[in-house]
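Chemist: Chain residues, written in single-letter form:
Number of protein chains: 2
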Amino acid sequence: MSASNVDLNSFQPERIAFELPAWIDDYCRAYSRSEVPEARMAYVIGAAAKNVEQGTGGPFAAGIFEIDTGALVSLGVNLVVPQGLSILHAEMVAIALAQRKLGVHELSAEGLPGYELVTSTEPCAMCFGAIPWSGVQRLVTGAISQDATDIGFDEGPKPDNWVEALEQRGIRVIREQQRVAARTILQAYADRGGPIYSPSSIRQRP
Amino acid sequence: MSASNVDLNSFQPERIAFELPAWIDDYCRAYSRSEVPEARMAYVIGAAAKNVEQGTGGPFAAGIFEIDTGALVSLGVNLVVPQGLSILHAEMVAIALAQRKLGVHELSAEGLPGYELVTSTEPCAMCFGAIPWSGVQRLVTGAISQDATDIGFDEGPKPDNWVEALEQRGIRVIREQQRVAARTILQAYADRGGPIYSPSSIRQRP
Chain A
1 MSASNVDLNS FQPERIAFEL PAWIDDYCRA YSRSEVPEAR MAYVIGAAAK
51 NVEQGTGGPF AAGIFEIDTG ALVSLGVNLV VPQGLSILHA EMVAIALAQR
101 KLGVHELSAE GLPGYELVTS TEPCAMCFGA IPWSGVQRLV TGAISQDATD
151 IGFDEGPKPD NWVEALEQRG IRVIREQQRV AARTILQAYA DRGGPIYSPS
201 SIRQRP
Chain B
1001 MSASNVDLNS FQPERIAFEL PAWIDDYCRA YSRSEVPEAR MAYVIGAAAK
1051 NVEQGTGGPF AAGIFEIDTG ALVSLGVNLV VPQGLSILHA EMVAIALAQR
1101 KLGVHELSAE GLPGYELVTS TEPCAMCFGA IPWSGVQRLV TGAISQDATD
1151 IGFDEGPKPD NWVEALEQRG IRVIREQQRV AARTILQAYA DRGGPIYSPS
1201 SIRQRP
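Residue numbers (our numbering), protein chains in the order written: chain A, 1 to 206; chain B, 1001 to 1206.
Read the hints as simulated data drawn from the structure, not as lab findings.
Bear in mind that the values here come from a model prediction, so they are computed numbers and not experimental data.
Mixed in with the good hints there might be a few duds.
[To be verified] Estimated spans, in silico, between C-beta atoms of each pair:
no., chain 1, residue 1, chain 2, residue 2, range
1, A, 193, B, 1034, 38 to 46 Å
2, B, 1169, A, 150, 17 to 25 Å
3, A, 150, B, 1032, 19 to 27 Å
4, B, 1110, A, 167, 39 to 47 Å
5, B, 1114, A, 35, 47 to 55 Å
6, B, 1068, A, 35, 19 to 27 Å
All C-beta atoms, glycine included, are put in the ideal place defined by N, C-alpha and C.
Looking at chain A on its own, in the form it has when it is part of the complex (with noise of 0.2 Å):
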C-alpha cells in the first residue's frame, strides 16, 4: 500500500461523521436514572463490557450525566478501531453527543445544570487534555491507567499531577469507583485478543 499518489487536490471530505453501534440505542433506553454514583458508575462499565461481547469496539465506555439528578445526557464508547479515528475514545465521543444534544460546545454554558463525565478507565492523555473544553464540573473514574497499561493500552504522556490540574481548574475528581468490575472488562477484553490499537508506543517498547 502507497498513499503518496494522494493528493488533496483529488478530494476533501465536506464533512466526517461517525456512526455509534446499533445495541447502543437498546442500552439507552434501559438506563435508570439513579441518584447514586456508584449506580452510574456501574451503567458506564456495563457499556463497556457490551462493547467487548458485541465487537463493537475497545473496552471502555463513559457517559455524561446530570450530577444532581443523574439523568443520562450521553452514552460514550470507544470506536477507534470499527470507525478507524484514533480520536474516538469513549469520552470524546460522550462529550461531543452531549454537546450536540444540548446544543453548546461546552456543558458549563449559562443556565445548564452541573455535569459529570462518568468513564470505565482514567483517561488518556488525549482525554484529560479534552475534559476542561468540555465544561463538565466532575470526572468519576473507575479502573486506573495501571490497569490499561496492564493489558497493552498506552496511556499517552498525561502529566503525573493530572488529577491537581483537572481540581485547580474547579473539576472534581473521584476515583476507583467500583474499579474491580471495570478492570475485569479490560481482562475480558485482553481474553478474547481484542485489537490493542497503540502501536506506536508499543513498538518503542524493549
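Position chain B relative to chain A; hints supplied.
Modeler: Relative to chain A, chain B alone:
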C-alpha cells in the same frame, strides 16, 4: 434554559457529523505541493487567516502532509463554535480527515509513507495528547502557546516537557516556523472581536 428534562431515553443520535467550511475545498485545490517545509506552513497559516476572514471558526489551522513529497493529505481548521463541539480543534479535524481519507486509524500503519502535522499554533493539552495516537512522525508548529494565551485562549494543562514527551515517542518537533506570520493571524482575530471559547478557564482568572 434548563436541561433537566433531557434524558437519553428520549434519543441518542445514531451518528455525529461535522461539516467543513464551504471555502476549504477551493483552498485545498489551490495548494501547490512543496518540498519546502516553510511553504507548507505558509499554506496552513493562510488557512487560519481564511477561517478568520470568513468567520468560520477560531484562528487556527492544521494540515497533514507527506513528509518527503509535500503532498497535502488533509486540511483542518478550528470549528469549535460553528460546529458546537469542543473537540474540533484544527489538529483534531486534520487528523480525522487524514485517517478517513487513507482508511487507517493510525497514519503510521504499515506501508504508508511518513506524515507530519503542520499546525499554525502549538497544540493545546488535548491536541498534544492526540498526536501520539494519530501516527504522525513529525510535528511542525508556528505561533507558540504564549501567543495564543496573549489573546485570551487557554492551552490547557499541557505538561511543561511536552516537546520532549513527543520526541521520546519518536515524533520529531520543529517549532516557531514562521511564528510572526502565525501570530499576526491570532492578533487579527482578537482585533475583530472573535469569540474566545475557553470560558471555564477564563472565569478562573482573577
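Chemist: Hint by hint, say whether it matches the structure.
Modeler: For each hint, the structure was consulted:
1. 193(A) / 1034(B): 38 to 46 Å: holds, 44 Å
2. 1169(B) / 150(A): 17 to 25 Å: holds, 20 Å
3. 150(A) / 1032(B): 19 to 27 Å: violated, 49 Å
4. 1110(B) / 167(A): 39 to 47 Å: holds, 42 Å
5. 1114(B) / 35(A): 47 to 55 Å: holds, 52 Å
6. 1068(B) / 35(A): 19 to 27 Å: violated, 57 Å
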